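Sequence lines, in order, name chains A and B.
Residues in the first sequence are numbered consecutively from 1, following our numbering.
Residues in the second sequence are numbered consecutively from 1, following our numbering.
Hints are computed from structural coordinates only; laboratory data are not their basis.
Since this is a predicted model, take the numbers as computed values, not measurements.
For every residue, glycine included, the Cβ atom is placed at its ideal position computed from N, Cα and C.
Be aware that one or more of the hints could be misleading.
[What the hints assert, rightly or not] In silico EDC-like pairs for lysine to aspartate or glutamate, Cα to Cα no more than 20 angstroms straight-line: (1) B:K318 to A:D358; (2) A:K290 to A:E67; (3) A:K290 to A:D244; (4) B:K341 to A:D358; (5) A:K318 to B:D354; (6) B:K342 to A:D327; (7) B:K342 to A:D306; (8) A:K341 to B:D326; (9) A:K262 to A:D222; (10) B:K318 to A:E362; (11) B:K190 to B:E166; (12) A:K342 to B:D244.
[Stated by the list, open to error] Just so you have them, the derived chain B footprint on chain A, three or more residues with Cβ under 8 angstroms: (13) 279-289; (14) 327-341; (15) 346-354.
[Unchecked claim] Only some residues are given here: those of chain B computed to face chain A with a beta carbon under 10 angstroms: (16) F180; (17) E182; (18) F219; (19) N235; (20) V319; (21) I329; (22) I339.
There are 2 protein chains.
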Amino acid sequence: MQNSNYYCVIMAGGVGARLWPLSNNSTPKQFIDVLGDGQTLIQKTFQRFARICPKENIYIVTNKTYETLTREQLPELTDNQIILEPFRRDTAPCIAYANYKIKAINPNAVVVVAPSDHYIEKEDVFVDVIQKGLEITSQSSCLLTIGIQPTSPNTGYGYIQYDEDEPLAGNPSVYAVKTFTEKPELEMAKSFIDSGEFLWNAGIFMWSIETINKAFETFLPDINDLFKQGEGLYNTPKEREFIDHIYQVCRKISIDYGIMEKADNAMVYAANFGWSDLGTWSALYDLQKKDDKLNAVVGNHVKLYDASKCVVNMPRNKVVIIQGLDDYIVAENNNVLIICKKSEEQQVRQYVTDVQVDFGREFV
Amino acid sequence: MQNSNYYCVIMAGGVGARLWPLSNNSTPKQFIDVLGDGQTLIQKTFQRFARICPKENIYIVTNKTYETLTREQLPELTDNQIILEPFRRDTAPCIAYANYKIKAINPNAVVVVAPSDHYIEKEDVFVDVIQKGLEITSQSSCLLTIGIQPTSPNTGYGYIQYDEDEPLAGNPSVYAVKTFTEKPELEMAKSFIDSGEFLWNAGIFMWSIETINKAFETFLPDINDLFKQGEGLYNTPKEREFIDHIYQVCRKISIDYGIMEKADNAMVYAANFGWSDLGTWSALYDLQKKDDKLNAVVGNHVKLYDASKCVVNMPRNKVVIIQGLDDYIVAENNNVLIICKKSEEQQVRQYVTDVQVDFGREFV
Chain A
1 MQNSNYYCVI MAGGVGARLW PLSNNSTPKQ FIDVLGDGQT LIQKTFQRFA
51 RICPKENIYI VTNKTYETLT REQLPELTDN QIILEPFRRD TAPCIAYANY
101 KIKAINPNAV VVVAPSDHYI EKEDVFVDVI QKGLEITSQS SCLLTIGIQP
151 TSPNTGYGYI QYDEDEPLAG NPSVYAVKTF TEKPELEMAK SFIDSGEFLW
201 NAGIFMWSIE TINKAFETFL PDINDLFKQG EGLYNTPKER EFIDHIYQVC
251 RKISIDYGIM EKADNAMVYA ANFGWSDLGT WSALYDLQKK DDKLNAVVGN
301 HVKLYDASKC VVNMPRNKVV IIQGLDDYIV AENNNVLIIC KKSEEQQVRQ
351 YVTDVQVDFG REFV
Chain B
1 MQNSNYYCVI MAGGVGARLW PLSNNSTPKQ FIDVLGDGQT LIQKTFQRFA
51 RICPKENIYI VTNKTYETLT REQLPELTDN QIILEPFRRD TAPCIAYANY
101 KIKAINPNAV VVVAPSDHYI EKEDVFVDVI QKGLEITSQS SCLLTIGIQP
151 TSPNTGYGYI QYDEDEPLAG NPSVYAVKTF TEKPELEMAK SFIDSGEFLW
201 NAGIFMWSIE TINKAFETFL PDINDLFKQG EGLYNTPKER EFIDHIYQVC
251 RKISIDYGIM EKADNAMVYA ANFGWSDLGT WSALYDLQKK DDKLNAVVGN
301 HVKLYDASKC VVNMPRNKVV IIQGLDDYIV AENNNVLIIC KKSEEQQVRQ
351 YVTDVQVDFG REFV
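Model the full assembly from the supplied sequences, consistent with the hints where possible.
This is the structure we're talking about:
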C-alpha cells in the first residue's frame with residue numbers, strides 16, 4: 001500500500017542541448033526513446049515513480065510547448081497532473097509552482113522532485129533509496145538530495161561535498177551537506193574525486209511541503225510571494241491565467257543556487273543505483289551496446305570502415321558510410337547533421353547557439 | 001559556317017560511381033550541376049560541341065533509363081538525336097550503334113566521340129583542337145584520340161604512350177600512339193610521368209565513319225555483324241525493336257580495349273585545355289572554390305570548426321556541423337551520407353557495391 005502523502009514532481013521542461021540534434025527544441029530528449037528500448041525517458045521515469053507514489057500523486061512540470069507530447073506519452077495523467085509553464089524560468093519557479101498546487105490538495109505532502117530524462121540502471125535500489133528518503137523527509141525538516149558516488153572526474157556534473165562525520169542517525173548513507181558546487185574544471189573535478197568527499201549531484205530532491213515552503217520564504221521570498229498570491233486559484237480554472245501573468249515577472253533561478261547552496265538543513269543521501277544524466281553523447285555512448293571496434297551505432301543502414309569508438313545515431317533508413325573516424329560523434333536528426341570529436345562534446349551546446357544565431361530557431 | 005559532315009556523339013550512359021552519392025543510378029553526374037554554375041555537365045558538353053558541329057548533327061547515347069533526364073536537359077534535341085541503349089555494354093557497342101545511325105544519314109560523316117561528364121577549362125582551345133582533329137580525320141584514315149599533358153601521377157586515369165619521333169606532318173601536336181594503358185598503380189604512374197612519353201587518355205575520339213567501320217570489321221567483327229544486320233532499320237520506327245533484340249546478345253567491351261589498343265592507325269593529339277574527368281571527389285575538390293582553411297563547401301547551412309581541406313557537398317538546406325576533420329569527403333544525396341578520407345576515395349566504388357548488396361539497389 002503506497003503512502004498517500006507521497007508525491008512526485010517530474011521536471012520535464014529542459015531541452016537537452018548537448019545531445020543535439022537527437023534532442024532538440026521540438027522534441028527534447030525526455031520525449032525520445034534515447035536508448036532504443038521501446039520507451040521514452042519520461043515514460044520510464046513515470047513508471048519508476050509509480051512504484052513509490054500513487055499514480056495520481058505524480059505531476060509533470062513542463063513547458064506548454066510540450067503539452068501534446070506529454071499527453072501522448074503519458075495518457076494516464078489527468079489534466080491537473082500536467083503542470084504547464086508558459087516560459088522557462090529554471091528549476092526554482094517550477095518547483096514553487098508545483099509546491100503550491102500540491103499544498104492546496106494535501107498540506108501534509110512529502111515530495112520527491114526529479115528530472116524526467118535520466119538513466120537509472122538498478123531500479124530496485126533506486127526505489128528503495130527514494131522510499132527511505134521520503135520517510136526521512138516526512139519525519140525531519142531537511143532538504144534531502146541524492147548524491148551519486150562518482151566514477152570519473154566528469155566536468156558535466158555538479159558536485160556535492162558531504163560531511164562524513166555527520167551521518168544521519170538511523171541511516172548511515174545520509175550526511176549533512178558541506179557545499180554544492182557547479183560544474184568544475186577538469187583539475188578541480190580530479191581533486192574532488194581524490195578527496196573522497198564529493199558526490200555527483202543527481203538533481204533529485206526530497207522534502208515535505210512544509211520544509212520547502214519555509215526555505216522559499218527564507219531564501220527566495222520574491223518568488224514565494226508571487227506564487228503565494230495564487231492560493232485559492234491552484235487546481236481551478238483560474239490557475240492558468242494567474243500563472244501566465246506571474247511567470248512574466250518571475251525571475252529565472254535554479255533551486256540549487258537559490259536554495260540548496262544557502263540552506264543549513266541540506267542533507268545528501270549517498271547512493272549507487274547506476275545513474276547517468278544522459279546529458280552528452282559520451283554519456284549515451286557509455287550505456288549503449290558496442291560492436292567489436294567499440295562503435296555504438298543506432299541506424300539500420302550504417303556501414304563502418306576503419307572506424308572505432310564512434311557514437312553514431314542516424315535516422316533508421318538513412319544509408320551511412322563512415323570511413324576512417326576514431327572517437328567521433330556522428331548524429332543526425334530533423335535535417336541536422338553533426339560530426340564532432342567526442343572529446344569536444346561540451347562544445348555541442350555552443351554549436352546549437354551558433355546555428356540558432358546564423359540559421360534560425362527552426363533548426364535547434 | 002559549320003561543316004555539315006562533322007558529327008558529334010556524346011556518351012552519357014555512365015553512373016559516376018566514385019562521385020556517389022552525389023552521382024547515382026537515378027541521376028548520374030552528367031545530369032547534375034556538379035560545379036554549381038547553373039548548368040549540368042551534359043548541357044555544357046552539348047554547348048561546347050554546338051560550336052563545332054551543326055546542332056542537328058549532335059547525338060546523345062545513353063541508357064533508356066535516362067531518356068527523360070536527357071529530354072528535359074536538352075530540349076532542342078529531336079527524338080532521333082537521342083540514342084537509347086537498353087542495357088549497359090560499355091563504349092564499343094555504344095559507338096557501333098551511333099556509327100550505323102550516322103552512316104545511314106551521311107556516309108561521309110567525320111565524328112567526334114566524347115564523354116558527357118568531363119570538365120574543360122579553356123573552351124576556345126578545346127574547340128580549336130577538336131576542329132583541327134576533325135579536319136585531320138576527314139583527310140587521313142586514322143583513329144585520333146586526345147591526350148592530356150599530365151600534371152600528376154593520377155591513378156584514376158588511363159595513359160597513352162606516344163612516339164615523339166613521329167609527329168604528323170602539318171600538326172606538331174599529333175603523334176603516333178605506342179601503347180594505351182589502363183589505370184596504373186601509383187609507382188607505374190610516377191614512372192610514366194618521369195618518362196615524359198605519356199599523356200592522360202581523355203576518352204575523346206575522332207574518326208571518319210569509314211575508318212571506324214573498318215576498325216570494327218577488323219577488331220570486333222562479331223559486334224560489327226550484329227549492328228550491320230540493322231542496316232535499313234536505323235532512323236526508322238523499326239530501329240528500337242532491332243536494338244532491344246541485339247543488345248541482349250551483344251557482349252560488353254570498351255572501345256579502348258576492343259579497338260584502340262589493337263589498331264596500328266591510332267594517333268594522339270597532345271592538348272592542354274584544362275581537363276578533368278571529374279571522376280572522384282578530389283577531382284571535384286580541385287576545381288572548387290576553397291575557404292581560408294582550404295575546405296570546398298557546397299551547402300547553405302554548413303558550419304566548420306577545426307576542419308581543413310575537406311570537400312563537403314550537402315543538400316542546400318541541411319544544417320551541418322563538422323568539427324575536427326582534415327582532408328575528408330563529407331557528402332550527402334538522396335538519403336545517403338558518406339564520410340570518408342579523401343585518400344581513400346578510390347574505395348567509394350566498393351562502398352557503392354557493398355551498399356547495393358547489403359541494402360538494395362534503391363540506395364545506389
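Exercise. Looking at the structure, which of the earlier hints fail to hold?
Worked result: 2, 3, 4, 11, 12, 13, 16, 17, 18, 19
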